[in-house]
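Asks: Going down the list, the protein sequences come from chains F and W.
Residue numbering for the first sequence follows this note's numbering, beginning at 1 and increasing consecutively.
Residue numbering for the second sequence follows this note's numbering, beginning at 1 and increasing consecutively.
Just so you know, these hints were derived from the structure itself, not from any lab.
Backbone N, C-alpha and C fix where the C-beta goes; we use that ideal spot for every residue, glycine too.
There's no promise every hint is true.
Dumping the calculated DMTMM-like pairs for lysine to aspartate or glutamate here, alpha-carbon to alpha-carbon at most 25 Å [as the list claims (entries may be wrong)]:
#, chain 1, residue 1, chain 2, residue 2
1, W, K7, F, D68
2, W, K7, F, E80
3, W, K7, F, D106
4, W, K7, F, E12
5, W, K7, F, E18
6, W, K7, F, E69
The following residues of chain F were derived to be distant from chain W, with all beta-carbon distances above 12 Å [to be verified]:
#, residue
7, R50
8, T159
9, P189
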Amino acid sequence: MSVSFLPSSRLEHSTTAEPLIAWRAWTLTGGRRSGYLLRPIAGRANPWPRREPARATCWWPQRHASPDEACRCGLHAVSEERLLRWTRSPAVIGTVALWGRVIEHDFGYRAEFGYPQRLRLVCHVCLWRYGLHQAECDVVVRMERGRLLPLCRHHLELTRRCDVRLRSVSPASSVHRELLAGYAVDPLPIPELGLSA
Amino acid sequence: MRIGPPKRVIEVDPVETPVPGVLPEPFEPAPAPSEPVPTVAPEPSDPVPDAPAPDTPVKEPAERRS
Chain F
1 MSVSFLPSSR LEHSTTAEPL IAWRAWTLTG GRRSGYLLRP IAGRANPWPR REPARATCWW
61 PQRHASPDEA CRCGLHAVSE ERLLRWTRSP AVIGTVALWG RVIEHDFGYR AEFGYPQRLR
121 LVCHVCLWRY GLHQAECDVV VRMERGRLLP LCRHHLELTR RCDVRLRSVS PASSVHRELL
181 AGYAVDPLPI PELGLSA
Chain W
1 MRIGPPKRVI EVDPVETPVP GVLPEPFEPA PAPSEPVPTV APEPSDPVPD APAPDTPVKE
61 PAERRS
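Just chain F, same shape as in the assembly (with noise of 0.2 Å):
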């Protein structure tokens, strides 16, 4: 993720008693034993609990509430959907409420507290060749380091051809109703995309 940095002096000051709504990208860990659990995709940041907040910590030296103007950390989002079709990888695409201490920037936010609202599996590299609207999976594999990537029937046959290793494969439909209900958010729709832009 990419930030610059204003000082803090020109930054406008507001409050609100309504938590913003904005857009993410996860990647997915766990199992169906343990439960699936969103995490973030950048760095080795623990996964995002469920039936909890998250909240921001900064592992810079020198430790300071999250997010801080002049630092990088925080739970980052972005204000369009059409933001996320870049991301790197993702395996969940969905809408989180972001409160507490929140830093506006110009194509999204850093929060001290979210927790996501909608969730929907995608195939990322559908996402990255046509965008969210076209995006949906057929299964979800689990690759050798334990990463769960969903996939359409079409990615899943080429990543077949290459011979990537698949330790399993299990039908998407199942991971996302046990997705959902471990974190007790409803499904993304997908009427519903595009409508924040």
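Please arrange chain W on chain F, whose structure you already have, making use of the hints.
Replies: Chain W alone, transformed into the frame defined by chain F:
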């Protein structure tokens, strides 16, 4: 995912938490009064018996002088 330069700082203090299943802080009812206020008038106490008339010394009639 690029989010560009910062524009403003927003302090978001939601009335309800956006996390499903997390209830707001439990409502604490006001403590009950130490003594309930009676709603029915108390029954009248037993009538106080009339105080006996003070013993009045019977004055013996003065002896007639013969």
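Asks: None of the hints should be skipped; say for each whether it holds.
Replies: Results for each hint:
A hinted pair counts as satisfied when its Cα atoms are at most 25 Å apart, and K7 (chain W) with D68 (chain F) qualifies at roughly 13 Å. With a C-alpha separation of about 16 Å, the suggested pairing of K7 (chain W) with E80 (chain F) holds against the 25 Å cut-off. A distance of roughly 6 Å separates the Cα atoms of K7 (chain W) and D106 (chain F); the hinted pair therefore holds under the 25 Å criterion. Of the supplied pair hints, the one linking K7 (chain W) and E12 (chain F) holds, its CA atoms being roughly 7 Å apart against a limit of 25 Å.
Between K7 (chain W) and E18 (chain F), the direct Cα distance comes to roughly 19 Å. Compliance with the 25 Å bound is thereby established for this hinted pair. About 10 Å separates the Cα atoms of K7 (chain W) and E69 (chain F), which keeps this hinted pair within 25 Å; it holds. Not every Cβ of chain W is farther than 12 Å from the Cβ of R50 (chain F); the closest lies at roughly 10 Å, contradicting the non-interface assignment. The beta carbon of T159 (chain F) sits about 24 Å from the closest Cβ of chain W, which is more than 12 Å, so the claim that it is off the interface holds.
Remark: the non-interface label on P189 (chain F) is consistent with the geometry, its nearest Cβ contact in chain W lying 17 Å away (cut-off 12 Å).
Hint violations for this structure: number 7 only, all remaining hints satisfied.
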